[in-house]
Amino acid sequence: MGETIRFLFGDEERSIRSPAPTQTVLEWLRTEARACGTKEGCAEGDCGACTVVLGTPDGEIMRYRAVNACILFLPALDGRQVLTVEHLRAPDGTLHPVQQAMVDHHGAQCGFCTPGFVMSLFALYHAGGGGVGRAAVNEALAGNLCRCTGYRPIVDAAQAACGGVAEDRFAVAAPAIAARLRGLARQDSLAVAHDGQVFLAPRSLGELTAALAAHPAATLLAGGTDVGLWVTKQHRHLATVIALEHVAGLAEIAERDGVLSIGAGATYDDACAALARHWPDFGRLLRRLGSRQIRNRGTIGGNVANASPIGDTPPALIALDATLLLTGAAGSRRIAAEAFFLGYRRTALAPGEVLERIDIPLPRPGERFATYKVSKRFEQDISAVCAAFRLTLAGDQVADIRIAYGGMAATPKRAVAAEQMLVGRPWQRAAIAAAMAALEGEMAPISDMRASAAYRLLVARNLLLRFHLTTQDAAAMLEDVA
Amino acid sequence: MNVLTPQTAAARAAAQSPAEQRRVVGRPAAHDSADKHVSGAALYIDDVAEPRDLLHAYVRLSEHAHARILRLDVAAVAAAPGVAAVLTARDVPGVNDVGPAFPGDPIFADGLVEYAGQSVFAVAADSIARARAAAQRAVIEYEVLPPILDIDAAMQQAAFVLPSQTMRRGDAAAALAAAPLRLRGRHYVGGQEHFYLEGQIAMAIPGEDRDIRVLSSTQHPTEVQHLVGRSLGIPDHAVICETRRMGGGFGGKESQASLIAVIAALLAANTGRPVKLRLDRDDDMKLTGKRHDFRIDWDVGFDAEGRIEGISFELASRCGMSPDLSAAINDRAMFHSDNAYYLPNVSIVSHRCKTNTVSNTAFRGFGGPQGMMGIEAVMDAIARHLRRDPLEVRRRNFYGKRERNVTPYHMTVEDNVIPELVAELARSAGYAARRREVTAFNRSSEWIKRGLALTPVKFGISFTLLRMNQAGALVHVYTDGSVQLNHGGTEMGQGLFIKVAQVVAEEFGLPLDRIKVTATTTEKVPNTSPTAASAGSDMNGKAAQVAARTIRDRIAGVVAAEFAVAASDIVFRDGAVQGGGRSLPFAAAVRRTYEKRVQLSATGYYATPKLHYDTATHQGRPFYYFAYGAAVAEVEVDTLTGEHRLRRVDILHDVGQSLNPAIDLGQIEGGFVQGMGWLTTEELWWDARGSLRTHAPSTYKIPAVGDVPADFRVALWSRGRNRENAVYRSKAVGEPPLMLGIAVFHALRDAVAACGEVAEAAELDAPATPERVLLAIEARRRRAAAAA
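Protein sequence lines correspond, in order, to chains A and B. Residue numbering for the first sequence follows the working numbering, starting at 97 and increasing by one per position. Residue numbering for the second sequence follows the working numbering, starting at 24 and increasing by one per position.
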């Protein structure tokens, strides 16, 4: 077991012995590396001022992903390259193409959010050719807030600089950087003790369950897009952290025997393509979940296991009749997604167990699926209500329907009573109206800063109606204007 | 798409005489810090190299909205590891108050807390983590008192921070009684968090004697200087306040920065060590003031054509626990209750409500936007009642040029361009055709409805407090020909520094890179006004121009003598001083001037002319001129959820003759989007105990990139020219565009109105969140069903 992390800071190798397990990369950059270009705007991964880029080797090239340094713990740098706004300018002083485009298009006013935008643009610049439309720009930049410009000049800069084949000095250096990172790759597992804190990064499921058996109260850390906030917002002291990132196979995405399996460690971004292929609406939902920076780190497994009543993926997984594989030192067991959520942030995970995998049965012919998210802001917002529907018709009759909601109870919840009003009945407005009425009896939303209980209930009802209308080809969805 | 690029704007500006003579003014020069912004090299206060022995401060906030402090014991805080000092109200050597205009804003609560989030005490320790941890050790016992949390409750209990005011012209009551038609209404308009990306921050460094130097992220260094001195009991001359740049201000750092700077200074003076206080986002949003939310009641009498004959407004705003800047903000709401419309008989009453919430403060528009929201709702109501297009009613009520041109505060509008500006925008945006398309779409679409609106903006430029309309500058020319420029204005991203540098470069005939703009500091230009009221470039540009001209004339005198020509024949152009067929490089001319022992440094001073105002009668000329603009917005609304998309926006805005069209375009677009956010996604939400629950971007939603329409057509008005002698005939641009966002709100109302055939306006308050929109649609449908 090793206690030193090694990574590239730009092209400079750094090693840190016994890094502070829950020190954020942002804090390390600003206080220890004295690289103050990267800013703190919110310390919760919502504003993007802290955006840096993590590089990982992908054969001879490098994959660059934008992440929020403010909620990224230092050990996550192990074996990676981290690039900040300071690294982009060439040694001769020439600005990087994305920086120059930001200058040319007047994309900075106060400048405080600008380093974050520049790094998101850098990742977009390296995301491949084929042009970049407005929708792609929105997707790449939704996690960067600007209060000054109104975004138009930044969009122009993105479209001017990105979308081509990357030919900057980073592209040129990629094979050499990839080789250096391969040289840094860890052969053992990381185990750090620092000032009373323990950080373990097991490399196999066996190591993971053993570590969890030894430390039953440990905090499991996947992408850290929620756990990071426990530290930066709630100022909690996490005594023992077990990171899931390096557990072999945990991020695997596979399709077999009519089932799509998403490893609990797969990021939203990695899972998105597979999910969108079978359920386009699931893809649309994921593209609105958090931001690019969040989706590059956060995992569907984390979204399920933290059992928030307003997580975006659980309603879809319940509607799709997903099964969860829970694994402990004694073995594995399977549980239906809908049975996993026991109460407000309480799950069926027993001590020593982890969520290993999510299995989703592939759509059968004729099956329809839709999921809708309603929030104050379209992008990068937390749901007021999230709904998911899976329908199979037999002729005009409802052969099978599964309906699930987020934001309507203390847990993500299946709408069993509403389903019962529909199964075996004609898929028509009369049955829909009865099901809408049934929702009132089985849902108990709260009023909070995101929405009132009355609104949530009204929207939950109307989303069922919207689903029905869309199956009738009625125009009941807003046009995508990007 | 027909977006006006800065290049075409410049070309247009350059084509105008005498602007074509100009080399620098009117060009779309990049922000002076653009290169530093994009490379991470621009230093904000938290990035400045930290001095030795720096302490980090943390402020403990009140958990209650209204409570007596029965006991405050900080002994355990002081004893915690790493702690150097703890300060409470009793430890303030000078005055424990940072109220900018009136007292009422204690630095530390003294026996009473009046909002949840109020500063109770502060601690300085060797790290922020230790300071925060130590602060939790305090023993605070409260006796909780009943709070007043909103406008309705304050009005019911007649709780005010300042006396109510009335502005009137003509006889509103008589006109209302005599009018053929009459409507009444009530609207609520929400507040707004500034959400500057850089939170409030200051670093205080003690010096010898009792001197102190404060780096503050403030729009008002002079006020920080003064309040630091007053809280420490030392004279102003012992305090330096310096501001290089802010990461956004928007009014939120006009008065609100003082508390942060003062606490840092008190701790620094107490410990003899430098102290940094940086609020994290949550504390920043809880502790500091926001835009005032308003309740607006109106009663209007009008004729069958929709022309207003008499109107009365009753405005009530939530000022929070103290007056802060609420007097001037509410005055400005009254000043803009007419927007661009002539109100023949008018009465405007303004109540300044006291609540147990954070003291609301300046925010881009400074009450003006809220005032406009009232009259725009009236226009909408009249139009719906008459079943006319709201634009028709708006146009019918526009101020006239030679008649119908006197405001409710008895100022004659001399520069009205709104009829022709709106005509041009309606034409370029294809308003009439699109109105038909929207109507046709709505007829055929059951679940999705569209809405269209054009709203105008007329915004008064000048501080309404007369004495603030003055500015100073200090220009040094060094013997190598380089120029250092300083003025009282602060840079918060709005491009003030580059605009003023352009003015100075123009005077000297130099390229921009010869002008260095230095940090704003109370050492160089004293007794300044805040950078606010959109007046930054008007005032500082003029002051810097005066200073530059003083030096230029001195150089011209020296060179004229050498060239044996009249000083008036000397011109400064292209980096040279020319006359009588001879030419000297600027640096050489400067060197000659130095050798002749003529001063190469000068101050400049400017006081805005023509202003007078009687605050008792609310009559006079509070504004030097008006800025104008208009916007068309088209939305699409989902009637099942209340969600919407913005399909297209067209803006035409008058910046006079632009000093820098790229910077002005940025202000217009950014202001519009900020105004749109205020009226749509941005919702402040307090719980029943009076705690703000939307105190971070996870819960408080400013517009994101996707909220800005792909079809966004923004143009500077090509005919714009300031009829007043503002710097290069430009117009202020900081605040006015924010109110262009009102078009989006009215497009939403238009879409809601399409959900039910009733001759009245949609019942939609701001912000128009999906929830409010859906509930308005439901109400509309019920009214339509009842009417049918």
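Fair warning: there could be bad hints in the mix.
[Said to hold, decoys possible] Cβ-to-Cβ under 10 angstroms is the rule here; a few derived chain A residues that face chain B:
(1) D142
(2) L184
(3) H202
(4) N558
[Stated by the list, open to error] Here are the computed distance ranges between Cβ atoms for each label pair:
(5) A186(A) <-> Q159(B): 45 to 51 angstroms
(6) G230(B) <-> D291(A): 55 to 61 angstroms
(7) R209(B) <-> Q516(A): 55 to 61 angstroms
(8) Q507(B) <-> A186(A): 28 to 34 angstroms
(9) R276(A) <-> G230(B): 44 to 50 angstroms
(10) M178(B) <-> D492(A): 23 to 29 angstroms
(11) E86(B) <-> D496(A): 35 to 41 angstroms
Keep in mind that the hints were calculated from the coordinates and are not lab data. Everything numeric in this text was worked out from a predicted model, so none of it was measured. Beta carbons: idealized from backbone N, C-alpha and C, even for Gly.
Against the structure, the hints:
1. D142: 4 angstroms, holds
2. L184: 7 angstroms, holds
3. H202: 5 angstroms, holds
4. N558: Hint on N558(A): holds, closest Cβ of chain B at ~4 angstroms, below 10 angstroms.
5. A186(A) <-> Q159(B): 45 to 51 angstroms: 48 angstroms, holds
6. G230(B) <-> D291(A): 55 to 61 angstroms: 36 angstroms Cβ-Cβ, so the 55 to 61 angstroms window is violated.
7. R209(B) <-> Q516(A): 55 to 61 angstroms: 45 angstroms, violated
8. Q507(B) <-> A186(A): 28 to 34 angstroms: The hinted range 28 to 34 angstroms holds for Q507(B) and A186(A), with Cβ atoms some 30 angstroms apart.
9. R276(A) <-> G230(B): 44 to 50 angstroms: 48 angstroms, holds
10. M178(B) <-> D492(A): 23 to 29 angstroms: 57 angstroms, violated
11. E86(B) <-> D496(A): 35 to 41 angstroms: 51 angstroms, violated
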